[in-house]
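Enquirer: Let's have the full structure, built from the sequences with the hints guiding it.
Protein chains in written order, with the working numbering: chain A, 1 to 113; chain B, 1001 to 1114.
Calculated from the structure, these hints are not laboratory results. It is possible that part of the hints are untrue.
Stated by the list, open to error - As a list, the in silico BS3-like pairs of lysine-lysine whose alpha-carbon atoms are at most 30 Å apart:
#1 Lys1057/B - Lys105/A
#2 Lys49/A - Lys1014/B
#3 Lys105/A - Lys1009/B
#4 Lys1009/B - Lys49/A
To be verified - Pair ranges (Cβ atoms, derived):
#5 Glu20/A - Met1019/B: 37 to 47 Å
#6 Lys68/A - Val1114/B: 44 to 54 Å
#7 Gly16/A - Pro1008/B: 32 to 42 Å
Every residue, glycine too, gets a C-beta built ideally from N, C-alpha and C.
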Amino acid sequence: AQSVTQPDIHITVSEGASLELRCNYSYGATPYLFWYVQSPGQGLQLLLKYFSGDTLVQGIKGFEAEFKRSQSSFNLRKPSVHWSDAAEYFCAVGYSGYSTLTFGKGTMLLVSP
Amino acid sequence: NAGVTQTPKFRVLKTGQSMTLLCAQDMNHEYMYWYRQDPGMGLRLIHYSVGEGTTAKGEVPDGYNVSRLKKQNFLLGLESAAPSQTSVYFCASSDTTGQNTEAFFGQGTRLTVV
Chain A
1 AQSVTQPDIH
11 ITVSEGASLE
21 LRCNYSYGAT
31 PYLFWYVQSP
41 GQGLQLLLKY
51 FSGDTLVQGI
61 KGFEAEFKRS
71 QSSFNLRKPS
81 VHWSDAAEYF
91 CAVGYSGYST
101 LTFGKGTMLL
111 VSP
Chain B
1001 NAGVTQTPKF
1011 RVLKTGQSMT
1021 LLCAQDMNHE
1031 YMYWYRQDPG
1041 MGLRLIHYSV
1051 GEGTTAKGEV
1061 PDGYNVSRLK
1071 KQNFLLGLES
1081 AAPSQTSVYF
1091 CASSDTTGQN
1101 TEAFFGQGTR
1111 LTVV
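Expert: Right, here's the structure in full:
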């Protein structure tokens, strides 16, 4: 069965510092990978996605993610965090021929002054 | 540019009451989904639909029913609400074709069952 692991429930980063949120998926086939962000009281917004090709993908708000097949990972990065990045981040995986996405349990990002 | 619209946004139910949550999308998407979000649990799929007139069970379907009579609408019903169904419910839709399989989400419905 498909599964997504986000090992960090909470992460606190100082404003201006770099950020990396971890995501691992468990299934051998070529995945479709997504990162979503959820601000308090809001729905989920897509940050970026990977389907094929270049393993480093750029998204909105200055985020990027790198697909590493050997590590079954799709970690989200940002070189300099802003206070407005404080939110919950969800990694999700899908596969060709499957109708649904599987989401991780989320990582809450806190940004300290 | 409405996207995915959920109604209502908030609701309080008494145990045993019934209600229907409505999801409407204007992107002509084939696939629609209902998720529930609970603290520490992420998003869990309740039911989904791959086209008008079709529905399928997700990870946590018990206590819920759905209908997709029109392509743009996906209804989630609670026949007899229980406190365990207190949650935030999200509807999403997506296209079927390869590069466009990202899901678009509504703003959520916060349901409290007392």
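Enquirer: Run every hint past the structure and note whether it holds.
Expert: Going through the hints against the structure:
| no. | hint | in the structure |
| --- | --- | --- |
| 1 | Lys1057/B - Lys105/A | holds (20 Å) |
| 2 | Lys49/A - Lys1014/B | violated (41 Å) |
| 3 | Lys105/A - Lys1009/B | holds (23 Å) |
| 4 | Lys1009/B - Lys49/A | holds (28 Å) |
| 5 | Glu20/A - Met1019/B: 37 to 47 Å | holds (42 Å) |
| 6 | Lys68/A - Val1114/B: 44 to 54 Å | holds (47 Å) |
| 7 | Gly16/A - Pro1008/B: 32 to 42 Å | holds (40 Å) |
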